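Listed here are the chains, written in short residue letters.
There are 2 protein chains.
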Amino acid sequence: MSDSVKFLLDEEHLPTHWYNINADLPEPMAPVLHPGTKEPVTPDDLAPIFPRAVIEQEMSTEREVEIPQPVRDVYRQWRPAPMFRARRLEQALQTPARIYYKYEGVSPAGSHKPNTAIAQAFYNKAEGVKRITTETGAGQWGSSLALAGTFFGLEIVVFMVRVSFDGKPYRRAYMETLGAQCIASPSDQTESGRAILAGHPDSTGSLGIAISEAVEMAVQRDDTRYALGSVLNHVLLHQTVTGLESLEQLAMADDYPDLVIGCTGGGSNFAGLAFPFLREKWQRGLDTEFIAVEPSACPTLTKGAFAYDYGDTAHLTPLVKMYTLGSGFVPPGFHAGGLRYHGMAPQISHLAKQGHLAPRSYNQLECFAAGIQFAKAEGILPAPEANHAVKATIHEAGKCRESGESKAILFNLCGHGHFDMQAYIDYNAGKLEDLVYDDAEVAMALAGLPSGC
Amino acid sequence: MSDSVKFLLDEEHLPTHWYNINADLPEPMAPVLHPGTKEPVTPDDLAPIFPRAVIEQEMSTEREVEIPQPVRDVYRQWRPAPMFRARRLEQALQTPARIYYKYEGVSPAGSHKPNTAIAQAFYNKAEGVKRITTETGAGQWGSSLALAGTFFGLEIVVFMVRVSFDGKPYRRAYMETLGAQCIASPSDQTESGRAILAGHPDSTGSLGIAISEAVEMAVQRDDTRYALGSVLNHVLLHQTVTGLESLEQLAMADDYPDLVIGCTGGGSNFAGLAFPFLREKWQRGLDTEFIAVEPSACPTLTKGAFAYDYGDTAHLTPLVKMYTLGSGFVPPGFHAGGLRYHGMAPQISHLAKQGHLAPRSYNQLECFAAGIQFAKAEGILPAPEANHAVKATIHEAGKCRESGESKAILFNLCGHGHFDMQAYIDYNAGKLEDLVYDDAEVAMALAGLPSGC
Chain A
43 MSDSVKFLLD EEHLPTHWYN INADLPEPMA PVLHPGTKEP VTPDDLAPIF
93 PRAVIEQEMS TEREVEIPQP VRDVYRQWRP APMFRARRLE QALQTPARIY
143 YKYEGVSPAG SHKPNTAIAQ AFYNKAEGVK RITTETGAGQ WGSSLALAGT
193 FFGLEIVVFM VRVSFDGKPY RRAYMETLGA QCIASPSDQT ESGRAILAGH
243 PDSTGSLGIA ISEAVEMAVQ RDDTRYALGS VLNHVLLHQT VTGLESLEQL
293 AMADDYPDLV IGCTGGGSNF AGLAFPFLRE KWQRGLDTEF IAVEPSACPT
343 LTKGAFAYDY GDTAHLTPLV KMYTLGSGFV PPGFHAGGLR YHGMAPQISH
393 LAKQGHLAPR SYNQLECFAA GIQFAKAEGI LPAPEANHAV KATIHEAGKC
443 RESGESKAIL FNLCGHGHFD MQAYIDYNAG KLEDLVYDDA EVAMALAGLP
493 SGC
Chain B
43 MSDSVKFLLD EEHLPTHWYN INADLPEPMA PVLHPGTKEP VTPDDLAPIF
93 PRAVIEQEMS TEREVEIPQP VRDVYRQWRP APMFRARRLE QALQTPARIY
143 YKYEGVSPAG SHKPNTAIAQ AFYNKAEGVK RITTETGAGQ WGSSLALAGT
193 FFGLEIVVFM VRVSFDGKPY RRAYMETLGA QCIASPSDQT ESGRAILAGH
243 PDSTGSLGIA ISEAVEMAVQ RDDTRYALGS VLNHVLLHQT VTGLESLEQL
293 AMADDYPDLV IGCTGGGSNF AGLAFPFLRE KWQRGLDTEF IAVEPSACPT
343 LTKGAFAYDY GDTAHLTPLV KMYTLGSGFV PPGFHAGGLR YHGMAPQISH
393 LAKQGHLAPR SYNQLECFAA GIQFAKAEGI LPAPEANHAV KATIHEAGKC
443 RESGESKAIL FNLCGHGHFD MQAYIDYNAG KLEDLVYDDA EVAMALAGLP
493 SGC
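So the sequences go chain by chain: A and B.
The numbering used here applies: residue 43 is where the first sequence begins, and numbers increase by one.
The numbering used here applies: residue 43 is where the second sequence begins, and numbers increase by one.
The shape of chain A in the complex, shown without the other chains:
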């Protein structure tokens, strides 16, 4: 048995700055528009929603953004996160490929999400905010913000998509144990929620609805702001610690990836790993490939339109240009809640549109099979979301076996699956099936995209 190898950085290698890809984009991005006027938003427009520092980061083109010391002090609890060479998986696959994975499941919440939750909580606290509202689907993000709330003494209110609120009691218990308030969405606490419940009293909710509720509650009180766990520029910025660390860890391994792979829901874990490697590619003229993996049942990058759309169902958020399946699209109930979002990060969308990354989709059964194969080789059971990146990695490693090429593959193992055992139970019992999006429903949702922008 040739064993898997860990590459661990000393604490002094914890990044001091995040990397802002806006400084290096070959073409500028389309502006964010005000939902009412459809004119470019100003910082003042966003002030009721986000703290000033976050708004500045959202709009910044500064290449290096300093990570505040108190944020680094918390990061240090689990960062630098380990990177592994998956030698046992390579052997199981009999591939000449060199497989590396960055493991973000070592955070106390079990995923990459605290990288931005800690930062957002810090900026809110620094500006006197007392309470943060947010939404959560599978619960990874809500758990991470709950955690950040304990570190910075903030009240956290989480609108949890009803189907997860009922079906994932353990995630909810984790948040509540850390002192966060969890509300099933749609709820009767907001106009957006009441409007949905009036038409659909049994609504199981969606991320789009939960975002509407959280934003609505945030703007009602001066001491409250809203936090988003993916999609926006500042969130992707905070996640770049993973890619920056991985660059150094690959140098320790005396290697460099030919392929960089991540799963994409809103896009933040993929961006966090990929963006620092994109900068290297552009600066050094490399030919690294980037694969963004999404579920076939929510194929935003592979089947969506590149258009202006809202981030939420009630259309309270600004309009962003992105790949979207339409803000009215409700994906089928597959077991990777973190990937069930109608849109995609504008930065990822922009880069995909320009051909800088290759989107790809897989269905859930093959992803679970890949995740279990990984677990049996490497001992870590991935979250269902991360299984998508594992599947693409195994697929590419299989191509290397056929061609005899020894490519280096790096993927983001963005979280463990300890809170997702029901999904594995269902998979093991043969109860899961492949789900595909409904062409007609997507066409209808896309037909409803906002016009005039």
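The list treats identical chains as interchangeable, and a pair is accepted whether it falls inside one copy or across any two copies.
Result set (SDA-like, lysine to any residue): computed pairs, CA atoms no more than 25 Å apart in a straight line:
{"hint": "1", "residue 1": "418", "residue 2": "170"}
{"hint": "2", "residue 1": "167", "residue 2": "419"}
{"hint": "3", "residue 1": "418", "residue 2": "467"}
{"hint": "4", "residue 1": "48", "residue 2": "115"}
Since the hints were derived computationally from the structure, they do not count as laboratory data.
It should be emphasised that the depicted structure is a prediction, and the values quoted were computed from it without experimental measurement.
Guided by the hints, dock chain B onto chain A, whose structure is given.
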């Protein structure tokens, strides 16, 4: 906010040897007896149960036992494990105490148990064993052996106490996903199981019964051996990596503990942390104190008898001299399954009897409250077992606040609580109550202790 500090060792500081406390015991331990003859067991007596290398370790008085390279190669995936100074907890408690915790939840199974599971799997594999049987209560141990099975290509059969098999489907799913076979105990697959079922068709099982079943199945086939997750000398030996690492990490912190604290079920996580510090105490004439914390509902060290007893219900195991509540004692159903065992490691029992460590018990409500206080300060939600060590630590830190003394306290945070969220749900909902052992039942069980040895 003064942040918590992590002490992380480089990989070259991964211990090369385990520490065997048998070499340094001030008085020799009582011999292990054959259950039939009641004469001291020989290695041959144990050969149908354990591989030779493990039997040698069980009986060894060699001070340093080399950790085989393949075991170190697997350890390296998560070891050296971090030690933290809990500055945020110190602040929350307003204590002058310096609180350190060794965190074993970073292993892929989420607890300290893989430290011995990996070693035992290696030794079995090296001697040609194809299949290992074991028992599990809460599931931490079964999960760890399942993990070790994937690393070394061994078939793993886990007899899971019926009440956990039914009530902890996520733990079971974790083991099954890694390829282990889980059987609810008592089962119809063994004589011991059938005997119990004949009398009690609805039996919810116990660790003692599950051990009987696993041992019985192991001795039936030449290619099968049995593995135990705590209690025995070799298990405690393998756990000493935690204490050996902690010694080096405290040197990094330029500190040394006045108090060393761990929870005790079978005793292995406590021993792993404490034994290397006991050696230091004896060698250097220090006055370090050692606190072994157990649940009030299963008060082996604080209320049991120091006597020869069986490790299992069907009396298939050898007789060991230990603190015991009687092998017929079934503890009430509190939420720390790993601490529900009638006996205690003979080494721990011996040291407690001689006054080298101070046993203490707490009830479950105060332990959950302490665990949640810890989670809110440090961000890590402990397993219910570990909450007992947290409670004692907070208690001692409170005494420092009152006295003004700045003691250094080190405790073993032996696992995270991600698989134990139902316990937290019940606690948060006010559904848990303090349970105490039944004096009369214990007296009856103790009256049934084996005689003539």
